[in-house]
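Asker: What follows is the residue order along each chain.
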Amino acid sequence: MSEVLLELDNLKTYFTVTKGKVKAVDGVSFTLNRGESLGLVGESGCGKTTTALSIIKLLPKEGQIEGGRILFEGKDITHQTEDELSDFRWKQVSMIFQGAMNALNPVKRVCDQVAEPILLHEYTTKKQAMERVKELFELVELDTNLMYSYPHEFSGGMRQRAIIAMALACHPKLIIGDEPTTALDVMVQAQILDLINELRGKLNMSMLMITHDLSIISDTCDKVAIMYAGRIVEMGETKEVLSNSLHPYTKKLISAFPNIYAERKMVDSIPGDPPDLYTPPPGCRFAKRCHMVGGKEVCQVEIHPPLIDYTGKGHYVACHLWRNPDEY
Amino acid sequence: MESINTHEQLRKRERELKRQKIRNNLHLFFGNKRAVFGVLLLSFFIIMALLGPYFYKYDHFSYYLGPRVGKPTPEFRLGFDEMGRDVLGTVIYGTRASLAIGLSVTFIVVLIGATLGIASGYFGGIIDIFIMRVTEAISIIPTIPLILTLSAIIGQNFQNIIVILGVTSWTGTCKLIRSQTLTIKQRNYVERAKAIGAGNTYIMRKHILPNVFPLIFSNIILTVQGSIMAESTLAFLGVGDPSIPTWGQLLRSAREQGAITTGSWWLFIPAGLCLVALASSFVFIGYGFDEINNPKLRRR
Amino acid sequence: MSFRYIVNRLFYTLFMFLFIVSLNFMLFRLMPGDPLTMVSKEISSSPEGRATLERMYGLDKPLIHQYGDYMKSMVTFDFGTSFHYKTPVRDLLGDKIANSLILGMAAVPLGIAIGILGGIIASARHGKTADMLITTSSMVIYAVPTFWLAMILLMIFGVRLGWVPINSMLTPGASFATKAAYLKDLFHHMIIPVLSYAIAIFGSYLLIMRGSMIDVFSEDYVLTARAKGLKEKPLIRKHVVPNALLPISTSVIYSLAIVFTGAFSIEVLFSWPGMGKLMVESVTRRDYPVMQAANYLIAVAVILANFLMDIVYGWLDPRVRLG
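Chains as they are written, first to last, in the numbering used here: chain S, 1 to 328; chain E, 329 to 628; chain A, 629 to 951.
Hints may contain errors.
[Claimed, not checked] Taking CB as the label site, the calculated pair distances span:
| hint | chain 1 | residue 1 | chain 2 | residue 2 | range |
| --- | --- | --- | --- | --- | --- |
| 1 | E | F389 | A | D813 | 42 to 50 Å |
| 2 | S | H171 | E | L345 | 46 to 54 Å |
| 3 | E | I455 | A | L638 | 22 to 30 Å |
| 4 | E | L510 | S | S44 | 25 to 33 Å |
[As the list claims (entries may be wrong)] With a straight-line Cα cutoff of 35 Å, these simulated DSBU-like cross-link-like pairs (lysine-lysine) come out:
| hint | chain 1 | residue 1 | chain 2 | residue 2 |
| --- | --- | --- | --- | --- |
| 5 | S | K251 | S | K12 |
| 6 | A | K859 | E | K361 |
| 7 | S | K57 | S | K134 |
| 8 | S | K57 | S | K19 |
| 9 | S | K75 | A | K866 |
| 10 | E | K346 | S | K288 |
| 11 | S | K108 | A | K866 |
| 12 | E | K349 | E | K624 |
| 13 | S | K202 | A | K859 |
| 14 | E | K624 | S | K288 |
| 15 | S | K288 | S | K19 |
| 16 | S | K173 | S | K108 |
| 17 | S | K134 | A | K861 |
| 18 | S | K288 | E | K349 |
| 19 | A | K859 | S | K108 |
| 20 | E | K361 | S | K57 |
| 21 | S | K12 | A | K756 |
| 22 | E | K346 | S | K21 |
| 23 | S | K173 | S | K313 |
| 24 | S | K12 | S | K57 |
| 25 | A | K689 | A | K700 |
| 26 | E | K349 | S | K21 |
| 27 | E | K340 | E | K624 |
| 28 | E | K346 | S | K19 |
| 29 | S | K173 | A | K859 |
What the hints contain is simulated information worked out from the structure, not anything from laboratory work.
Quick caveat, the model's predicted, so the values are computed rather than measured.
In this text, a Cβ means the ideal position worked out from N, Cα and C, and glycines have one as well.
Bound-form chain S, shown alone:
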């Protein structure tokens, strides 16, 4: 029986700007079990990073959680104080940020940066912490002789390994990866993903993987949630969602992704831009770009379709027209 580690319940994170509020995350719900990995996929600006930053409460100053709950091991963490939060961060949930190049402080030695959370959260001496750093370096297959170097002496892949070592430092229960491999070239990307997979199996950690790259999801995630304009539009087992997608946006996303084995053909693109999240349209947020609508007023006018498990197989979709895949 798997146990729920993280649950997001109708999370709403808005950004206050001069004009009003940008509803970057507008009612996102999902659960993540212990040891499980969930992929959060969507175009840039769809709210996936904001969702992640809401979980560790590191939103920029204009950002505010305006509704919903975030339950970690059954405890609501949305109203935690700064002190409680600084114990929670990294010890329970650590994060691998996008941009391997800039996530390490250029003027501090790598070992000190990896040791920093250990010294902060665990009552150890500096020497013990350094021992642990050594172990972590071995774990992520980095040369321990390089521990005392500075970040700029590392290649992109090595830096990302160091960042993963840092993320593992305090045995977190959940790791959030925000586009952890985007800045790397393809070969290194594959190595890092293998490493993440291997370590996750070894250490039985949960993982929330944020990316726009569906191939990463199919490699690393048990479950996937597709986000569009601040909402989850489809969610389920990775295989099921990717092979049997129900939401038109997911279908477009999959077909927009070139397959190197398939015949050469024009890559499908989605015309138009995502809606303005300052005044989102009343109905389905995808309706304007959806090829299925074709005169169906229901999509444009009614409320945004709720995320419902119509099939009973744990495959959720938020679409008024999900039953009519033939129209596609």
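Since chain S is already given, all that's left is putting chains E and A on it; use the hints.
Answerer: This is chains E and A only, laid out in the frame that chain S set:
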């Protein structure tokens, strides 16, 4: 979105985007209280400089209206200076001189800085190395000793002071313009112009120059402020033209009159306050523009 | 730090030295009028006297020889005789430099420290009322001429309240029985000049430091450090400040290197017998040997400072140190 396929449409779209950007920036600028205050303050001084002498009957050139260093009276609210001139009239008149200095020095600075900076950034290579090495070498010479030396060489009349200030303060602007030119050089409209065979001077004048300016605007504004203050310091040190009543000159003569020990506050408080207010107005505006170009500086 | 980096900087330093020192030579040959009339009107009016003076100052030789002599006298710090004081320039400058250093070494580090600290505080409160107050007031202070601020302080504390002497460095004519009495008198005279000098420079440091801090705050490694659970204070101390100090470190070194040139307007206002005052007076007196020597010393100082800035920057920033 309609497709863009003719040159005409492209130009139209570019113009539209530009207009929208200007609107956005104006919105940001006027959302900054400090900057708005700066604009109001500056407008006050500009009006005072342009119209003040017409509306106020005493000027710097009417002598012995009252006793030497006489106290303020109801008619002469800021008293008299050592030649019996009306201090208020002199201060109003001094606004012109101080603004004129600030603007003309900045003109020289921008002229030298833009020419060398754009040439350096646009041509690159040996020209760039040469210009930047010399700029670097000049920029590390402390300004005041250099100005003192130059003023000893070419003399200290009003025009000379402006020229000296201009030729000693362009290095920062030049470096900034060079770095902005380097980024603008990469943009596609410059590539496009090159592809259709536009000459170097044409590209620099028509494409680089107009696009560099918005980015160095805050630097230009702060140069005006810096020049006004540098002039006042020089005047105070006795380097300057005593016949032109800049505020710095008023402060120098106040000190020479012993105004501090005799407590003749009207000789140096009003001129100093005006100097501070005018200089701060430029600082407020300059930093206001800085926040537009550097979004990080804005309130998060 | 790599050997090549240092050699590279050394060559550049040499280039700058030659450039600036030659500029100093040329500027003084471009002077209009006859500098010799400044030495002595009577002697230079007779042809024989002129010839003597020209020989004395080496002006009868071809320009290239003059340049050689100039370089030789500059590198040996033998600056000749002051037109005005008729004493060796070297001895004259020694005392003045010491006096300027007394004033500057008290004021400049103080001003820089206040500025950097204020910048840190303002940036930590970015966008809040405290930031608004600190930033606006330092902008105003940035716009206040040093000497005017000093005049106001002098009027309040020196004239109205009579707490401090109104000028010079020591009580004129006083002789001091003990070292303590001397220091006390000096300290008494220093308060207002040091205070106004320090206030005058802190504004710009504050604004630069604030901007630099705000830049660093938006870096990814700061977000990472926050996610690690670092609280705001240790975060600022360990991650933001060290990086924000990098760009400012060079201007700190530069300011300290040119302290000996004196605070011109403050020295003039307070009749402080330092380099700044001497240089200003030398302009009016056309005392070229003094000006030329002072310019040379300044050039040497800034060039050394520039070299030092490169080295220190390299030492502070591992990217340069090891790159």
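Asker: Does the structure break any of the earlier hints, and which numbers would those be?
Answerer: none
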